[in-house]
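Chemist: Okay, here's what each chain looks like letter by letter:
There are 2 protein chains.
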Amino acid sequence: MAKNITPRSENYSQWYLDVIKAGQLADYAPVKGCMVIRPSGFAIWEAMQARLDRMFKETGHVNAYFPLLIPQEFLNREAEHVEGFSPECAVVTIGGGKELEEPLVIRPTSETVIGHMYAQWINSYRDLPVLINQWANVMRWEKRTRLFLRTSEFLWQEGHTAHETYEEAQEETLKMLEVYRSFQEDDLAIPVIPGQKSEAEKFPGALSTYTVEAMMQDGKALQSATSHNLGQNFAKAFEIQFLDRNNQQSLAWTTSWGSSTRMIGGLIMTHSDDDGLILPPRIAPVAVALVPIFSNDQERTQTLEFAEKIKQRLAEHLDHLRIQIDDRDNLRPGDKFFHWIQQGVPVRLEIGPRDVKQQSAMVARRDVRDKKLVPLDEIADHVMRLLQQIQQDLYLRALDFREANTRTAKNYGEFKEILEQEGGFIRAHWNGSREVEDQIKNETKATIRCIPLNDQPEAGKCILTGEPSKQEVIFAIAY
Amino acid sequence: MAKNITPRSENYSQWYLDVIKAGQLADYAPVKGCMVIRPSGFAIWEAMQARLDRMFKETGHVNAYFPLLIPQEFLNREAEHVEGFSPECAVVTIGGGKELEEPLVIRPTSETVIGHMYAQWINSYRDLPVLINQWANVMRWEKRTRLFLRTSEFLWQEGHTAHETYEEAQEETLKMLEVYRSFQEDDLAIPVIPGQKSEAEKFPGALSTYTVEAMMQDGKALQSATSHNLGQNFAKAFEIQFLDRNNQQSLAWTTSWGSSTRMIGGLIMTHSDDDGLILPPRIAPVAVALVPIFSNDQERTQTLEFAEKIKQRLAEHLDHLRIQIDDRDNLRPGDKFFHWIQQGVPVRLEIGPRDVKQQSAMVARRDVRDKKLVPLDEIADHVMRLLQQIQQDLYLRALDFREANTRTAKNYGEFKEILEQEGGFIRAHWNGSREVEDQIKNETKATIRCIPLNDQPEAGKCILTGEPSKQEVIFAIAY
Chain A
973 MAKNITPRSE NYSQWYLDVI KAGQLADYAP VKGCMVIRPS GFAIWEAMQA
1023 RLDRMFKETG HVNAYFPLLI PQEFLNREAE HVEGFSPECA VVTIGGGKEL
1073 EEPLVIRPTS ETVIGHMYAQ WINSYRDLPV LINQWANVMR WEKRTRLFLR
1123 TSEFLWQEGH TAHETYEEAQ EETLKMLEVY RSFQEDDLAI PVIPGQKSEA
1173 EKFPGALSTY TVEAMMQDGK ALQSATSHNL GQNFAKAFEI QFLDRNNQQS
1223 LAWTTSWGSS TRMIGGLIMT HSDDDGLILP PRIAPVAVAL VPIFSNDQER
1273 TQTLEFAEKI KQRLAEHLDH LRIQIDDRDN LRPGDKFFHW IQQGVPVRLE
1323 IGPRDVKQQS AMVARRDVRD KKLVPLDEIA DHVMRLLQQI QQDLYLRALD
1373 FREANTRTAK NYGEFKEILE QEGGFIRAHW NGSREVEDQI KNETKATIRC
1423 IPLNDQPEAG KCILTGEPSK QEVIFAIAY
Chain B
973 MAKNITPRSE NYSQWYLDVI KAGQLADYAP VKGCMVIRPS GFAIWEAMQA
1023 RLDRMFKETG HVNAYFPLLI PQEFLNREAE HVEGFSPECA VVTIGGGKEL
1073 EEPLVIRPTS ETVIGHMYAQ WINSYRDLPV LINQWANVMR WEKRTRLFLR
1123 TSEFLWQEGH TAHETYEEAQ EETLKMLEVY RSFQEDDLAI PVIPGQKSEA
1173 EKFPGALSTY TVEAMMQDGK ALQSATSHNL GQNFAKAFEI QFLDRNNQQS
1223 LAWTTSWGSS TRMIGGLIMT HSDDDGLILP PRIAPVAVAL VPIFSNDQER
1273 TQTLEFAEKI KQRLAEHLDH LRIQIDDRDN LRPGDKFFHW IQQGVPVRLE
1323 IGPRDVKQQS AMVARRDVRD KKLVPLDEIA DHVMRLLQQI QQDLYLRALD
1373 FREANTRTAK NYGEFKEILE QEGGFIRAHW NGSREVEDQI KNETKATIRC
1423 IPLNDQPEAG KCILTGEPSK QEVIFAIAY
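Order-wise, the sequence lines are chains A and B.
The opening residue of the first sequence carries number 973 in the numbering used here; numbering runs sequentially from there.
The opening residue of the second sequence carries number 973 in the numbering used here; numbering runs sequentially from there.
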């Protein structure tokens, strides 16, 4: 049907770009590596933001805004951090027509400048915890970019908290990981594996990094969000000290956690098909599209009037901005259907003159593409139930896919064979060393995606060295 | 009462900064001229955003995101535009460790890059109108900065629309001006004068600029938002062309309109008093603060329980995140009252052990500082009515102030006398020439704030030249 979209089986990367193009989600910007998020794509981000922001606030967080530009010297203060980010920086050297005395870096992340401010705001244990989140644009100069998944500028949220004790910081780190898990699974209908990152994969400067990892339809892994226990590393570098309950100066324990427009890429690659975008109802900016079908002015008036009537009934259950009537005169009905399919809208209502006469509408699902004639009085209930059903079905379909593509490798031979022939996630034992991790990565491109948190640990032997291993970890090729 | 705030009468500028500091609204950032918007300040911005964003969407606009960095060459394409912004730019010359071939400018505004994208998206009259808004950070290198009112980086929204005809563009320009007027008056309780800017004061590159002008408590004017009819200037510079209904290539007609974190400065300077911030209920992040008063554990339990009960009743009418119980143990009641007063929270409830016994609470207004004992069963209704009353009273108080400080000058002598002795807004006739405007500005620092849109025009004579004038205009010293 969709001739403008390359099938997944033919070229998965091209399919991804075609879905974005057909859905008018994003374009490359005139500046290399940067993107323009078009209204249909940005509306998805807004829906994500609204939901996540509410979850952050319900867990006691507040938002703030820190400056875009950071003195270069700040980045240099935390050794691992500078190593991680320096090569990726965009640097401002001219301001107001003059060469600057000290170059300023466009934030690649805000740990450092936030650390600097926290040092001023925090004096006593009474000032703790500080639970702040920021929604912002950040910049990391990327050589190879892909819309949403990796661009030089992207939008994200970064939570930064400060606590009295290690335990509180660790509790916060895991609490926010759970927020991300719930958001991914319940709102985006994307099953994820929550787990800890290995040393090689953790955030520069963190004590430990946690992640939620999702499987895309090509079997590759996508890290959807991360939560870091920063220990006292940034507190030390930025002198975030407080007078503790024993009247002693102590260093604060900090965390940070983030998720970005990359999640839109994950959403696309989890649910969409060869006809284009498929959006889960809870996050779909437009949940229901109403398409009147007419061939003359009289029919136009009748079908539009009837569509308006249905919209009003739906608006008792849904924000009216999430229900759209497609009243364009210059497109044929088939082209309109096509448009809403490529926009990924979960439910489409088709309303022709005959439907007006018999007071009913054809209700079509985007995900499984079946249609059902529903009488007017049942439409609102039917559509609301259907939206729930689609949400659940998308999640289960993705979960089935992940389970079907997760395999266990007993030894390195099996590991390489699975990776070459089938891809997907591979569960395998690992001795916990950086060397083994690096060797496997160099030889196969697979990385440890995470050490799962919810597994019942079962001891075994490292696939490479035969040394003891406490539990299986998840390997995959990752985005 | 508030010893940490300089009285307005003593030093107005210092008062403004003290209110911000006491309310923990913002701090200067480690980068010169930039600010950190602290949680209490950012929550006000979020409330503004939520309300404005809804108004934009209800008038048919959608959001998108365009890149932070703009090729320097783009700014040079529109002659007036380059003149207006070039000296203010922050320039990125290094990216990914290398000198860039072409320097990139941090957007001072996005007309140019959006024009570039519109040229690609718009081909036919069927693609019009394009009605897009962006929420973003922008940067203009400022020499003299003041928190919220003028900072090198600030947050704003910029609407950018493209239309088939001049008339449609003009209609859009005035429609968005009306959105701003309604937002300022109905939500922020700030009376404004909608009007047109003179040639000297209009946006670089615009055909005509419209503004809403408010009077601050020192009698100075604040331009709170602007809406521009850009004519075909940017369409010409960026080749935004379309095949019109007669099958001819035509240039699009574009508009832009914006408002920024500067509005927080206007909000502070319109309503606050010598005790600190006063927020209008509709925009106050926390609408009601409940302060339990206790001197032992038993009283603590009782008063907190009762506060929770009241909160639940209020939560039937207000988002529960807008109702806060102050359960801090390390502050005395007086200090808590003080805190909520300086946070500008419209209504405060004081709940002591005696109130629990007689099932009532003391309800205190922030604006006029009176208190009333209200029985439990009436609290929700009482508070909701009170919030409406405060909203209205704040608006009327500001309107009275503006009217009392608006004077008419018959001649230039009178004009200078009023300006020197009383300040405020001065209505005066003007011959419409740039020369007269410049001379008055040079001699008195007063500028034409706007040519009011809603006045019944009455002809007269220019205060400087005696030449004919179609209507009075508003002069003032401005922020």
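No wet-lab data here; the hints were simulated from the structure.
Do not take every clue at face value.
Copies of the same chain are indistinguishable here, so a pair counts whether it falls within one copy or spans any two.
With a straight-line Cα cutoff of 35 Å, these simulated DSBU-like cross-link-like pairs (lysine-lysine) come out [what the hints assert, rightly or not]: (1) Lys993 / Lys1308; (2) Lys1208 / Lys1115; (3) Lys1281 / Lys1388; (4) Lys1388 / Lys1442.
Chemist: All hints, please: hold or fail.
Modeler: Structure-based check of each hint:
Taking the shortest Cα distances, Lys993 and Lys1308 sit within 35 Å of each other inside one copy (17 Å), while across copies they are farther apart (55 Å). Within a single copy, Lys1208 and Lys1115 get their C-alpha atoms as close as 33 Å, and across copies as close as 34 Å, so both meet the 35 Å cut-off. In this assembly of identical chains, the alpha carbons of Lys1281 and Lys1388 never lie at most 35 Å apart, being 59 Å within a copy and 62 Å across copies at closest. Proximity of Lys1388 and Lys1442 under a CA criterion of 35 Å is satisfied intra-copy only: 22 Å inside one chain copy versus 85 Å between copies.
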